[in-house]
Structures are given as C-alpha cells and as structure tokens.
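Working from the sequences, and respecting the hints, build out all of it.
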Amino acid sequence: MSVKFETRDIVVPGDLLYEGRIRTGENTFRREGNVYSNKVGLVNYGNDRVSVIALEGTYTPLVGDLVVGMVTDIELGQWVVDIGASTDAILTINDAINKSFRTNFDMTRVLDVGDVVVAKIVDLDRRRTPILSIVGRELGKVHEGFIMKITPSKIPRLIGKKGSMINMILRETRSQITIGQNGRILINGRNREDEELVVKVIHKIENEAHTSGLTNRIQEYLRKIKEDRK
Amino acid sequence: MSNTIVSRLKRKKITDVLATGKRMDGRDLLQYRDWEIKTNFLAKSEGSAEVRLGKTRVVVGVKIGIGHPFEDTPDAGVMMVNAEYTPAAHPTWEPGPPSDDAIELARVVDRGLRAAEIIDMEKLGLVSGKKVQMIFVDLYVLNYDGNLIDACSAGALAALTTADAPKFKVSKEDEVEITDKTEKLKLRAHPVAVTVCKIGDSLLVDPTYDEEEVKDGRITITVDENGNLNAIQKRGPVGFTVDEIKKCINIASEKAAEIRAIALAGE
Amino acid sequence: MSKKTKKKTTKRKSSKKKWARVDGRKPDELRPMKIESGVIPNADGSAYIEMGRNKIIVGVYGPREMHPKRFSKPNRGVLRCRYHMAPFSVDPRRSPAPSRRDQEISMVITDAIEPALFLERYPRSVIDVYAEIIEADGGTRCASINAAAVALADAGIPMKDLVSSCAAGKYDGKIVLDLGDHEDKKGESDVPVAYLPKIDEVTLLQMEGIMTQEETEKCIDLAIEGCKQVYEAQKEALKKKYGMVDEAEEKEEETGEEETVEEEEE
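Chains as they are written, first to last, in the working numbering: chain A, 1 to 230; chain B, 1001 to 1267; chain C, 2001 to 2266.
What the hints contain is simulated information worked out from the structure, not anything from laboratory work. Hints are supplied without guarantee of correctness; some may be wrong.
[Said to hold, decoys possible] DSSO-like cross-link-like pairs, simulated, lysine-lysine; straight-line CA separation at most 27 Å:
1) B/1186 x B/1130
2) A/200 x B/1012
3) C/2198 x A/4
4) C/2241 x A/154
5) C/2241 x B/1038
Structural data, given as structure tokens:
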C-alpha cells in the first residue's frame, strides 16, 4: 500500500507517509521518490497530495500577511522590525509616510525603537528579508492595548473558516483584536474583565487547536463564563 | 536584561493596569505566584532543590567538599555562591561569562545567607590553615520569568536545610577522610529574600519577566526567622522615598514568613 | 579498583556464575529512560531526558536572526549546539566555566544533528541548541543528542529524521550497551554513536580504548540497536502532547465537518 498512515494519525519527522509519486503538501518532503514528514503533526491524505498539519514552528513570512512587530533598530532611511521570523523585517521611509528620505530627517518622529506596529508584508527581497509597509488603513504605530503571542501555525484556527471563530470571539467579548499572521495578537478591550476573557479564550484555542469540534466548544466556554459573571 | 529593548506599549499597559490595583495576570500587588519546591533529587549533590515560581524555574545544587581556607581565617570553612544564567532560560540570554545580573544574583543570595550567619563557618575547619570544608551553592536558572532572587534564595534555603552533609574524619597525621556517614547541616538561621518592585507609584512583589522589564527600581530585603533584617539591596535608576522604603520593609517581613514556610516544608 | 578485582576472582572461581554488570543489566540492555518535551516555557522547543542517572535539559531557540552578522552564512542557516555541565552535575564539583571537553563535545553534537536539518531554508539565521547537564552518569553526549532531537522537533523545526544516540563499549571483556559512568571510566573502550533511524546513517562516531577491528564493528552495530530503542522513546515523547486529542474528541458530539487548517503547497 502506498499510503502508510491514516488521516489524523500522529507522525514524526522522518516518517514515510507515501511510497511513490504524490504532490507534497505542507510539512512534507520528497526523498528517493517517496514522501516523508518533516514535523510532528497530524497527517492528512488529500485527493492528490499528502500534508502534515503541524502545530509548532516559526513564522514563515508571506507577501500579503498582516503582522504585528516591534521596532528594534533604526538604520539610514529604514527601521528594523522584529516580527518573530527567522530574520528581521525592514520598513523603509517610503513605506511609512509619503515622503522620500532626506538625510536630516528625524526618523524617530515617525517611529522609535520600542514602538509596536501593525504592518503588511509587501515584498520579500532577494535575500528573503520581509519588507513591510504601514501605509494603509488599520496599519501603523500602535498606541493602546497589549500583545499576546501564540504559535503562528495556530492562527488559522483562531480565525476559523471565513472568520467564524474570531468573529464569534469579537462579538462575545466586544474587544478589538488584531491578529498578526506571525502569531502576535493585539488586544484592546473596554475593560480588564473583557481582556482577560479574550486571553483565556485564545489560550484555550491554542491548547486545543488540534482537536475537532473546537468552535462549538469555544462558544460553549464563552457562554458559560458570561453566565458565571452574572 | 538591561540591553533588551522594552516595548513602550508593554510599559503603558502594565502601568495602566497597575493603577487599578491589579496585574496583567490578575494577581494582587502583594501576591506571589504558585510555588513548587522539590528537594534532594540529585544523587551527585549533597543537597539540591528545584524551585518553580510561576514559570520561573531554577535548580540549586549544594556541594560540600574539602578545600583551602582563606589566609586570615585558618579554621573557617568557605561558602561560595555562584549563579548561572543558562542560555536555554531566555531568548535574550547568550552563552558566556556571567553577566552583571548573574553576578548580582549570586552576591545578593550569598550576602543574605552569610549575614544571617546561617552556618557557623568556624565549625567547618578540618586541619588548621590547610584544609577546611567548602560549601558550594550553585544557582542554575532553567527558565526565566522574573524574580530570580526570591526563587534562588528560597531554593538555597531548601537545599541547605535538606542537604546530607558528609561526615569527615581527621587522622593524627592530618589526613582527612570522607566517611560514608552523613548528617544534616546545622543551620542557625533561615534567611529569606523578598524583592519589592517599584513601577510608577506602585509597589509589588514577585514580578514576572514583563514587569521586571518595565520596572523603575527594586529593593530586595532578606529577613531571618526572628524578623531581623540581614541584607538590603536597592537597584534601579530611580529614587525611593523613605516612606516607600519602610513600606517595602514591612512587605518583606510579612512575605518572608510565608516563603520560609514553603522553603522549609521539605525538611 | 577492588570491586573489579573481586568480580574477576569470582568469575574464575565458578564459571557457572552469571556475569552481570554493576547495575545488574544484561549486556544489550539500556538504562531506564524517560523523555519529556516542552519543559522550558520560554524556549521555542525543549526536552528533558533521564537516561539512568543522567538528567539533562535542552532548550532550542530559532531559527532566528544571527548576531553577530559576520558569523552568519548568506545562503544557509547555522546550527549552534552548546553542551554545558552544571557545577553540581559531577562529583567532585566542577567549575562552571566551559572546558575544552565541553567545546569538543559541543562540536561533535552539532555535527551529529546538522544532517537532520534543512539549514538551506534559513539563510542568515541561527538555530541554537543549549544542552544543560544537571546530573551526569556516563553517556551524557548521547543523552544530550537524544533530548536535542526531541527539542528541535518540539520547536517545529523541519527535520529529515530524528537523531538517536547511544554508546556501546567493552567492559570487563564483554561488549556492552549504554555504558554507565563506572563502566565508562573503568572499561576497555567506549564508542558513542548517533544515528538517523529512517535514513539509516551514522552522524556521530567516536571511539576511545583498545579493541580489535571486529570488536569495534560489533560495538557500532550494538550501539545502532540501542539507538533504535531510543528512537521509540523519542517518538513517544513527541506524540504525548497530542494524547489529549483522543480525550477531547471523545467528549464531543460530532457536529459535522469542522474547519481544518488551510493547506499550502511546499
């Protein structure tokens, strides 16, 4: 049999998933004509490919991603931003304000070391450095709130299919939540109680990301907590 | 610690929440996280303790051997406290010689033990001027989430209290033999360090890593079981009013008793 | 040492008496092992291992930006493994400063693990592996590699295979597996091996002592058998985290197809 496991079996790096030709989905690799897992996760045999749903791993920057990061350095005409990827990201002046760089321009008037930003990845340069932009709605320096970090691979679970999970959380907690694809979540609630609820819910999703029936369980969880509050 | 960049947003949020009398993790200002202390779990150490305080995790090893006394105290044993900031404990920690913070941690814990005269060092002599007992206390940080001083101080106390010290036999020819017999160390005091942090106008105990990052200053006060103060260390580029200092001393005296009970529970 | 002499005398006296190791193990028996993943909250991945009386904890950070930049490589990532012993891990206490032995072991451990990684995916980045020996009792470099492999997988760093490590050697004339501290110090030879179980390649091989070629090859084979046993324990440790899957799902009523994580092509 070419298929070596059953969908949702737990596999480890090096496990032979498929003997022979098949498309390699995420977290798999081809060696000597066969497909293997390169992470710990749940194997998934699709129609024409095999992949592994992994629950850990650093953030892999993709063009178009919304990320939350912190400025860690200022260079000539650009800021260095830590987004938790394998290399730092760059934000140039042009992508921050509609001005071109003049040598006597004080960059700290726009962003200083220690500032937190919500940005979009607009490019990956030839050295695969993520290039950011904060020009646009909902982008820019963050003035209020706090950041919660979860494993980036669990972000899709937090968002849910067509936003079903996150929309439910927004509704029930009435808080502002900005989700960075890099696993950093910006939270701003109307009061501490609501914020603490958001943190609790996200923790629960993070711990149970690999289970099914999660959306309903979270809905139930939120409902129970709000009842206990009354 | 002093080299890392602190997020302005983090400082603002923590300060805003503190103003309401609470902390980011829901604790009161004078509330410690959960303690977990395990003792005597290392076979090659005479004494050992593993302390978990919230997510902070340290291992304290006590080793007792034979060494050379200091010239001016030929009959006194030697106690040395060393701290290791293992690079595994925090993303910003790098391998290398002890950082300033690691050195301070070791010295503050040492001072607390020494000033309280926890062990009568004069009783540790073996051969006058040549051989004395050496007590090494090694503080090994495995996960750093704030408040290392309090965690290590409690760990050192727990490890010393439960240590199985070897009994030494000195022959007529001044040969020292380590017998198979062991005994508990005779501890004369039970000093405990309590660190009070100042963030803005708030005074709080047991800071997490985030709280330590945004703190303005801290005072560590070591208190013994009689309520005497053994050591004080003030850090941070801000001033404390005398009133604040007195408040810190009161807080420390109260908290020390709680921590001491936990540290000695393994006895 | 008197213990050893006593054994030999006993052996000569009555050949019917069963030869036993100091801890009663059979020649091809591993010491009891325990592996746990995810033990250092701050680390990207971590693991704790007990192999006999060895107690080792490993923390992994990365891939992350490498500083200083001049040590980074433009077209691939760098793996940095550091082996370090706590002062109280041995008797008598040792200095906390890294020794030359620590440095050499750090290097061979790095070489043992690197073939299992996809470093070409992380130019200019570094993966840091920090092994801290809390208690040592022979075979710490093997145990460190075993914990490091689990820690790297725990971090979600892509790997071609796990890395499993075990030593074999000669003690009191017999070829034995997984030497304890006593056997290591008093035996005739020690051969630590690290192995990629699925790829079937040896990535660490050292040898010290006096043995014939045949004995040495026997040791390597035996060590690889030991590695395979270790591999099973490593897999268990990694899968344990997902053990909650079955419990959580059983409690739930299935309400139809749930959203799954979006798949992306490699």
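Against the structure, the hints:
| no. | hint | verdict |
| --- | --- | --- |
| 1 | B/1186 x B/1130 | holds, 23 Å |
| 2 | A/200 x B/1012 | holds, 21 Å |
| 3 | C/2198 x A/4 | holds, 14 Å |
| 4 | C/2241 x A/154 | holds, 15 Å |
| 5 | C/2241 x B/1038 | holds, 24 Å |
Consistency with the previously given hints is maintained throughout, with no hint failing.
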